[in-house]
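> Just so you know, the sequences run in chain order C and A. Mind the numbering: the first sequence is residues 954 to 1168 in the working numbering, read in order. Mind the numbering: the second sequence is residues 10 to 278 in the working numbering, read in order.
The set of hints was computed from the structure by calculation and includes no laboratory data. Certain hints may be false.
Each pair of labels, with its calculated beta carbon distance range [to be verified]: (1) C:A1036 / A:D211: 54 to 62 Å; (2) C:R972 / A:R63: 50 to 58 Å; (3) A:V58 / C:I1079: 19 to 27 Å; (4) A:D212 / C:Y1155: 23 to 31 Å; (5) A:Y67 / C:R972: 41 to 49 Å; (6) A:I27 / C:R972: 41 to 49 Å; (7) C:F1071 / A:I27: 16 to 24 Å; (8) A:D137 / C:K973: 34 to 42 Å; (9) C:V976 / A:I40: 24 to 32 Å.
For every residue, glycine included, the Cβ atom is placed at its ideal position computed from N, Cα and C.
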Amino acid sequence: MIEYSFLLLAFLVGLFSLRKLNVDQRQILLLLTITLLVELCSDWLWRAKQNNLFLFHFYAVFEFLLLSTIYRRHLLSIVSKRAGIGIQIAFIIFSIINTLFFQDITQFNSYTITVSSFILMISAFILCYRWIVNLTLHNVMRIPMFWINLSVISYFSGAFILFYFSNHLLSESEDTRQLLWGTHAIFNMVHYLLYMVALLTYQEQRQVKKYTFHW
Amino acid sequence: MILFISVSAIVQMSLLEILLIGMVGFFVLSIGLVIIFTVYHSRLRQKEVQQHQREIWYQKNLLQGTLQSQERERRRIAHDLHDEIGALLTSSRMFLNAGISPVHTPLTESLNHILDEVMHHVRRISHDLRPVVLENLGLWEAIHAFGDTLALYNITFEFTCIYTPRMSQGNELIIYRILQELVNNTVKHARASRIQINCQLDDAHLLLIYQDNGVGLPSTVGKEGGLGMKSIESRLSLLDGMFEIRPAEVGVNFAIRIAMHRLNNDPYI
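So here's chain A without its partners, still in its complex pose (with noise of 0.2 Å):
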């Protein structure tokens, strides 16, 4: 019936009348569907990059549940090994020197040396595993006490820091074990003879300046990175922050940019 009416309608009406509406009715029906899809797509947006927020907290939380416990496992193996290895070759040596054998022979001299090397060794896997001074002393201290370790290597270490913020240890141990594979890396592979780390403060970032006069870095690293690059990447996302490879003559030069407030957040958070 309606259907009927609007046709009868039509066919009286001019042909002005029929094409003007019909003009217009096209016209802001276009621009009607346009909008609609304007809103449609942005809302489609909207979900898909909170969508893309949750998958990212969870991939964080997931990398923060896995860093916690290796650094869990970290602290009970360097315990097992400086109380209870560690103790049982000093018992080892008290025996050995007590002696069932005259104290100064070769053998012993050469038995002696080894287990020298082996406690020196756990000691030092022990404390790279749980570093006590960074527990003890903070990150600044902890950073400092990379030049005892470097010096056996006959690398030269220079730290300077105009700007030492205080955070959570949780966030020290971050930024400790990110130089600590830098440093790491710089010993296996740079052959180089100088390490320098510089400290301040940029525009309320913390910038870490990390830079040595090796061999530099090999082509691959910008495309995927080695594992310890994915490493530093790993732990640097738990604080927002910038690692940034720059070009330098001689060697490597790394930036390390983390805004302030996020330091002083706990990163297990």
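Bound conformation, chain C alone (with noise of 0.2 Å):
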């Protein structure tokens, strides 16, 4: 319940700041809209004792696409648009084989959302290295990406191993799976609450006047 909180008081303060948020600021309140749309159906078929993991097969898809389109705006040097829309073409293609022939729609997804996770952490760290190089960035804390890349990084990095051992997990004990889980949702809480920061964050607009020499 305290990670979901995080994802409602994230989503919170998006709703209420979505005219000064930028184009990444709204993708990533679209995300935590989506988010908080699917964790409250999967709560719900929990409650009526359905199987739920059909809803992260779409989920995860919807996830890397939209973390992976905000990555291929600012990795445009590095990476080009056709080969950044082809990455997320594979993705799906390989997300729907693994649904029909590996891990079908009433599995977790490991093998999809670990990918997923690998893709976003690499670009994560690719665009830090990127503003290194460039220094073009003058306060890289009053950036809103900063803080979406560093909430991508954390949560990612932590979580992708135990993404692909899910599954292996079933044959532990309750205690053990909860453990593991409950680490994961701090992992979550960190993720939603660097999520909030970046929407936040606003970049100074600077205003250069027309024909004013000032030094």
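Each chain sits in its own coordinate frame; assemble them with the hints.
Structure below.
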């Protein structure tokens, strides 16, 4: 419940700041909206003792597409638009193949989420490297993308190991699974907290007066 | 040996322990990497800003040196014009009138007239190069003196000054040259009949407003600026001032703002 409250808080912060948000922040707000809906549906199905794992087959693809679109925009100088779209299409195809042949709709799609996590982490580290090399940013902590990037790195780096082994955990004890998914919940809280910081960060609009010399 | 112990230790660990260590380890590592990146980025950025500031300081020093040389050269030329050429012209006129031919022939009258004009222009050029009023009476009197020159071009000049701060000679010269450039531009290009200069104190800044009722600025000025604008820009940079082209229904309206604390310092330091 605590991690859901972080998610809800981040969503509400984004909603109230909607007018001031840039493109990246709006996409994160969309992601949070979908995440909230998926979590509500998932919770409702769980209470109704129904299998809710099919939701994550769709959610994983949506989350990857949204985050990869953000990274594609920022890494345009390194990865061309065509290559970025190609990766996204390849991921969709992989996800469909995984669902049809390896991990059906009633199973947790650990392979899809692991691949998604890995690609997003690599993108996040490449973006960090690009910021260091280019030095075009004055104060990197005043940029929403810095917090989005930090959120992606911190969450997916810890969680992707869990995602990969998640189906193997079914044979472990209840306590073991709770401990691991509890740790994941902490990563999730940090994840949403950093998204909230990203939604609260507004880049300064520098207004250059025409024809004014100023030193 | 250490590697062997580590591998055997890992094999004996349960899946739970491996996963927990892996998850937490990667989480901490990634946060650590981002923190290192942020600190490194901020240090690199600081170095870049310092380097940029050093370059600006160097360029300012270069500019100051260039303008100082320019003013020294102007003073030298003004001195030569006034004391040497001016004196020769005066002597020529005296000899002409003392004369080899009768004093009031058309030829001597024309020669006198030409000599008068030449002496007038020499005096004007000499004063433009080395403004004596500025040196002897200060900036505000020198600005008032624009009126005498502009009267020759049938341009009305109004100078209102609520606030007349004292400042170093170097700073006075800079402001004088800026206003001189603006006045010259108006005389040469604007076809104006009136020039107004207003001086006031505005929020710890000296605010000079220059207006004329001429044809206004050409459209290309804002993008690159003519040589005159560049000269104003260079001089104003020594005082960390601001030059603003304000909208005007007729003619031009310029505002020059300079912080008072900058005017108290010598521009050539």
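> Are any of the numbered hints broken by this structure? If so, which, sorted upward?
Numbers 2, 8 - these are the hints that the structure violates, sorted from lowest upward.
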